[in-house]
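Enquirer: Now for the letters of each chain:
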Amino acid sequence: MIQGAWLCLFAPLAGAFAITVMGDSITRRTAGWISTLSVFVAFAGAVVSFVGLLGESPGEREHLSTAWTWLSTGSFKIGMTLLVDPLSVLMMLIVTGVGGLIVLYSIGYMDGDPEERRYFAYMSFFVFSMLMLVQAGNFLLLLVGWGLVGLASYLLIGFWHERAEAVAAAKKAFIMNAAGDATMALAFFVLIWQTGTLEFAEAFVGAEGMSSTLLNLVALGLLGGAVAKSAQIPLHTWLPDAMEGPTPVSALIHAATMVTAGVYLIVRAHPLFELAPSIQDLAAGLGALTLLVAGFIALVQTDIKRVIAYSTMSQIGYMFLGVGLGAYGNGMFHLMTHAFFKALLFMAAGLVIHHLAGEQDIRRMGGVRRVMPKTFVAFLVGSLALVGIPPLSGFFSKDAILASALASGGYGQLLFAAGLLGTLLTGLYTFRLFFVVFLGRPSELVLQHAQGSHGRPEEEDASRTHGKTAHGETASHGEGPWTMTVPVAVLTVLAVIGGWLQIPDVWHPFSDWLHDVAEPLVEPSVTQDLVASALAVGLGLVGVGVAWLFYGARSRELPRVAGVRHALEHKLYFDELYDLVFYRPAVWMAGVWRRTIEEPLIGGSITGVSLGARRAGGVLGETQTGYLRSYALAIAAAAAVLVVVFLAVQ
Amino acid sequence: MAGPEITWYLIVSAILFSIGTLGVLLRRSPLIVLLSLEIMLNASNLALISFARLHGGHDGQIFALAVMAVAASEVVVGLGLIVAVSRRRLTLDVDSFRVLRG
Amino acid sequence: MTTALILLPLAAALVVWMLPLSGRAAGALSLAAALAEVVLWVVALFRFDFQRDLQLVDRHSWFSDLEVSYHVGFYGFSFWLTGLTVVVSAAAIGYAVWANRERARAYHGLMLFLLGAIVGVFTAQDLLLFYVFFEAMLIPIYVLVGVWGGPRRVRATATFVIYTMAGSLLMLASIIAFGITQGTFDLIDSGTSSNTWVFLGFLVAFAVKAPLFPFHGWLVDAYRESPPEVAAILSGVVSKAAVYGLLRIAIAKFDVELVLDFQSTILALAAIGLVYGSLLAFRARDVRTVTAYSSMAQMGLIVMGLFSLNEQGLNELGVNGAILQSVAHGLISATLFLLAGMLEQRGGTSTFADLGGLARGRPALATILLTTGVIALAVPGSVAFAGEFLILAGIYPIGWGWAVVGAASIVLAAMYMLRLISAVLHWRRGPAATEASRDLRPAELALLVPLVGLLLFLSAWPAAVSERSFPLRVQTDEAEAQAP
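Chains as they are written, first to last, in our numbering: chain A, 1 to 650; chain B, 651 to 752; chain C, 753 to 1236.
I should point out that these hints are in silico values taken from the structure, not numbers from a laboratory.
Don't be surprised by glycine CBs; every beta carbon is placed ideally from N, CA and C.
A hint or two may mislead.
Only part of the chain A face toward chain B is listed, based on derived beta-carbon distances under 10 Å [claimed, not checked]:
(1) G621
(2) Q624
(3) T625
(4) Y627
(5) L628
(6) R629
(7) A632
(8) A636
Only chain A is shown next, with the shape it has when bound in the complex (with noise of 0.2 Å):
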């Protein structure tokens, strides 16, 4: 089982490293294969470590290996550390199975680019520093994990590097990033000089001497981090402008894994977050405050990934909503059916794209239902299980968290409302893509791009519920490749057995797995879960209703309201905020120091010390008068001065 982490980490390095080795010498396809070989490996030994841990009393989960100690000084030791237990065992299992079936995908995706061997290297490296994040033993592994899948995010989101807005999106993320990683320093350094230690457990334990403040800044540190990763307000102004990455991209780094580790994050160290619980109810808060912001942006966003990022904005707010109640069963549980569905909605989407060429703008689109009617299935079961129409798996985990809110006190019901407001919004804005997207008349661009045939893997099998039906009639429409198709088959399968993990009061597998973990702070009553889950889909319908009647029926926009819809479509000034208040400074502070500062100082010190040498000089240099008379006069005067100090020290 302990092999089974281990073979699962260094797999996907081992498959970055044996390509960038390689590199030329092997084809773009094999490092493709070569890529996704090294992520089901890892899926394998994922799978090992959780049957290994099936075989185990709920007691016992817990199991730390270190290989070498990483870093060390007398008395401070950090191992190379990984940590088996349920949590990060389920991230494990999400990652590279999801993974694997986006990695996959790419090989179709990204067939024809001639940069394929770097992206798979860096695809695969990205797998690795994301297990390296969630099975990391100690806080200090996890940071590290943590900055290098900002470092692998980086490089991903910059891939196409000749175009501007790649590179300054990639920039974007990775300071944003850094940001959070600094914060999560500076928490780390408080629970070193309290308790000596950074291993979860022993952290744990030391926290509890520690004064409130110390505690409120070491949750605030790490909520810093997470709010960062997941893109949160008000630390989300990058995740938008990282859609500039390739589309599997986005699916993998950006909805399923990267952006969900500060869920993760909250529930690894949430004995500090309890003891910190402002900062814990600061948590939930940001994520309503988000899902509702990000819901409301995402209304009048016209590129069809950029409503998916602002959506996976949203949920992520659902899910910093659970977790910061105390629903950390609940709370992750969306975190696992939110990977499914909006990996597959990212995935049709780049299915469209590439159809259509490149194009992202929707407003372009329409009809493309009678040009892919595979695609469109596909996302139209992304879309019901985002929007959380049962039996679908989204309606099973974001209802769990609302039902949690609902049952959490003044506070909570409070969230419950955004929350509802927020299904509301995720309706109106998920069905006003697939709308216009999909139905009506097919647009001219669709219209140019559905004669020529050029293989492209339009026509997918994305097979509708129970089992997949059989690919025959596929294989028949051109060479859509397997790639593609069978990723995205499995994701909508599971995105409609996904949620059939918890189904409240009747079964819950899934929060008796994370049960010892993370003991969750509040649990539901039926009422509660029935009600909650009655409003939140009646809302959603209205959504869904109203999104019909404006984009629907007739491609009718939202009424303007002229202040509002500008603020919206400007993500309400944010990017022009931080410009304003980071960019510029740094840049006006180094331009004026550079001025007062170091060039006088450069310059000056130099000059000034050769010219003040050449004055000093020109002034000892007067006393050589040249005058006999003056020569005299200073010998007499000075022998005069002599006699009398001779006498009177006499």
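Given the coordinates of chain A, work out where chains B and C should sit on it, guided by the hints.
Expert: Here is chains B and C on its own, set in the frame of chain A:
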């Protein structure tokens, strides 16, 4: 000991020395400067001999002889310089020899 | 053993100077000597016991009436700094061979002499001997930059020499005062001093060498006008002489109370240097200037780590972090300067406005620059991150403000390093980045890959250095601040 008290000799010596110093500092002709230097030297000779007379030993007198020898050699060199300068028709003015200024 | 490490390059320098060799032969001999030095160091590594104090000691009396002796030896931390020196010097000499420097005999002789002098600095245990080696470092640098440097080299050298000499003279005064009051010039035999002026003399000399704000006026010009490999040695190794001096002399040989009196000022200057250097690096316009200011920032950070002490003595986290970061930064800036040199060889310039788009079609260059760049910005998992984390964790108990400044500089480092990477590799090709600029060739890779490989190795196992810089028992020692 016969004659005036030692003090008077010393006073004369001091007066002579001052005259000589002032001459060196204030006169512009090199000849006069040399002359003043001689006066200074002789003033010190006088002091030396007076003290020798006072203490009864001969050290002062011998030293005075040595001083006279030095004075003589120095006059030789000095006068030689002055003759060389005047041969070149340069002004015999101490203030005009400024080539070695800093 | 230690004397061999010092004498080998000096002897090789003499041989290269005196024998009538051709340029190629001189270069080959020089490189062979540098590599032999590395091998010698590795041999010493296997003999080294990191749990003991001063080792591999050689001692001979020099001026017995003044109690001056030829006394050399290694501590754990100075052993690592010496390792850094020999590796970077070998790479630099390799670069010089590749770049085919003119007047090769003179050049290589000077480089070897420099190497010997630097090793001497790290091993000297007698103050006068230390001073001799410290000044001996200056002469080859002066000539190397002044003759083989860039267009404005004369001014750069003059500035560098004047700054350094000013500091050194103060240090000489301090040495003399210290030696006379202590009765001996030996670092092991003497006790600690409590004289403020003597302390300041040493402090200023090392502050100029590091450099510490505001004594950094010589930095940018010197790094810009030097030949790339000399800049690599200057920023990678010579600045660490200041680290060694601060630790071995300024902190160890003076009373704790005295050092603590100056702690806030020193930390403030270091912190200012950190932020100042980072911000100026952010607006710099070419690879060399970015690396230069980044060096200044990193040295500020390292000094913060060194001075994170309290009444009980050195802070274990801070000082181990400082040594680890010294080694890391030495390798990083050496690699960056050699890369800058290679870029300049191709395009004639390393100015950002003229470069760009070099990633396409040049995978080796892109990979190496990217790897070095992300390690330089201390991405979590890199050795630079490990060092930085230790330093900041160590400085935190002294004052949380220092740690916050350090944490903020993490973000700044990301900003300037990513800017550098993008300016060279991304966007469109600039005028200097022509189609003809080829990818890194085997000779260049042979220089860079070992350096980057070492960085990656240390990133996977920073404990190799951090656990072995100071013997464990001394770190729990309750005595006054004595460097082990």
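Enquirer: For every hint, state whether the structure bears it out.
Expert: Against the structure, the hints come out as follows:
1. The beta carbon of A/G621 comes within 4 Å of a beta carbon in chain B, closer than 10 Å, and the hint placing it at the interface holds.
2. Annotation: interface hint on A/Q624 holds; nearest CB of chain B at approximately 2 Å, less than 10 Å.
3. Taking 10 Å as the C-beta cut-off, the interface hint given for A/T625 holds, the closest approach to chain B being about 6 Å.
4. Because the closest C-beta pair between A/Y627 and chain B is about 6 Å apart, less than 10 Å, the hint holds.
5. Interface restraint check: A/L628 against chain B, minimum CB-CB distance 5 Å, threshold 10 Å, status holds.
6. A cut of 10 Å between beta carbons decides the hint on A/R629: the least distance to chain B is about 6 Å, and the hint holds.
7. For the restraint placing A/A632 at the interface with chain B, the shortest Cβ-Cβ distance is roughly 6 Å, inside the 10 Å limit, so the hint holds.
8. For A/A636, the interface hint holds, the least distance from its beta-carbon to any beta-carbon of chain B being 6 Å, beneath 10 Å.
In this structure, every one of the numbered hints holds.
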